[in-house]
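Peer 1: Residue numbers (our numbering), protein chains in the order written: chain A, 1 to 226; chain B, 1 to 226.
Rather than coming from a laboratory, the hints here were simulated on the basis of the structure.
Predicted model only: the values in this text are computed from it and were never measured.
Derived Cβ-Cβ restraints for the label pairs, each shown as a range:
hint, chain 1, residue 1, chain 2, residue 2, range
1, B, T123, A, M45, 20 to 30 Å
2, B, V214, A, S89, 24 to 34 Å
3, A, K175, B, K2, 51 to 61 Å
4, B, A183, A, D219, 23 to 33 Å
Just so you know, even glycine gets a beta-carbon here, dropped at the ideal spot from N, CA and C.
Protein chains: 2
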Amino acid sequence: MKIAVLGTGTVGRTLAGALSGLGHIVVLGTRDPQATFARSGPGSMGKPPFSEWHAGNQHIPLETFADAAAAGDLVVNATEGAKTLAALSSAGSANLAGKVLMDVSNALDFSQGMPPVLNPVNTESLGERIQQSFQDARVVKTLNTMNAGLMVDPGRLAGGDHSVFVSGDDAEAKKAVSELLQALGHRDIIDLGDITTARGAEMMLPVWLRLYGVLGTLDFNFKIVR
Amino acid sequence: MKIAVLGTGTVGRTLAGALSGLGHIVVLGTRDPQATFARSGPGSMGKPPFSEWHAGNQHIPLETFADAAAAGDLVVNATEGAKTLAALSSAGSANLAGKVLMDVSNALDFSQGMPPVLNPVNTESLGERIQQSFQDARVVKTLNTMNAGLMVDPGRLAGGDHSVFVSGDDAEAKKAVSELLQALGHRDIIDLGDITTARGAEMMLPVWLRLYGVLGTLDFNFKIVR
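With the rest of the complex left out, here is chain A:
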């Protein structure tokens, strides 16, 4: 499958590498490829510059949001939540129409300091906003409740004995995403329901952020024990 991964941060890089490793043809999307390559020095959380990562992943081209989205049969939104709608507008609704749009973003608002808060919250979600803004795309919210390493290698923690959620209005889109998740090693995929259920998944971030603080590791996840 041709997969466009929008966003060149840790999550975008990690998903792009892993999906490519599964044999998919992956293209990364960013606002301005030249600017992304030109950026030097570590990014947020000490992340190495994109060019350094890309030196070891030259088989994955970096294109504009629009070119990447146009090339993908399935599009992954791995942009920062605060910039997601702008990024997807830049990708263009025509390039998303009819496609599965796998949304892994979190609507974190850092403007009030750490830890960030969620915005929108509760009676809305970023997943819903995306679906509302791109009505012809088949949005599936998933993977937003764990770190990038676990997204693509759940087995590295407790042999994969933890859970992942999917939310979306389109059953076939959820099936396609669930198959990708299974291929990555996810064993407990819970379909929460329609895209409004993304509220619940997105609202797990505040406790996730606090757990990150107290556990001192990113490598933890929620398991729904039943």
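Using the hints provided, position chain B relative to the given structure of chain A.
Peer 2: Positioned in the frame of chain A, the structure of chain B alone reads:
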């Protein structure tokens, strides 16, 4: 220890019974004891009338919020979230001053239909509101992320292999609550930090409600796998 449990719903009844079973002297609090006894017919979710439950638990007296709170060394808030601040005002801040106030409530707002939404959300929490309103009480938010049966008998699910959170500003209060939780069988007690971390714990309710819908059972819980 003398424990006041405020609220006569499923959670209040279950906690009162279990804490009494641990050997504590328990008193239940309600707005109007006569009215609570007089109510007949099933309550929400088919819950039997209070008088029926009480017939088998006559060693647990039912008093006003104020009398119950006055009698308790530790006070449990098990009232409905939407009515919590009114209930605690009725209990009286003097009856809460200096005491551990174990808050297990959820700020669910049913006014917009099912599933209910959380209110307040994100930049606030009911736990914080309680601490703010009763500054001399030592509020600990806990247990709000699971059903009443698991609160008092975690071992009945997966041998107790799942997690519970505590949030609060007072380390000794959290220690007292954690000891109660351990006595009930909780094995993985995670101290999230100060009372603002109740936001994260409270915001797990939207996904909890959806999981309840899709799993078809109340008997599930979050385990933080790490």
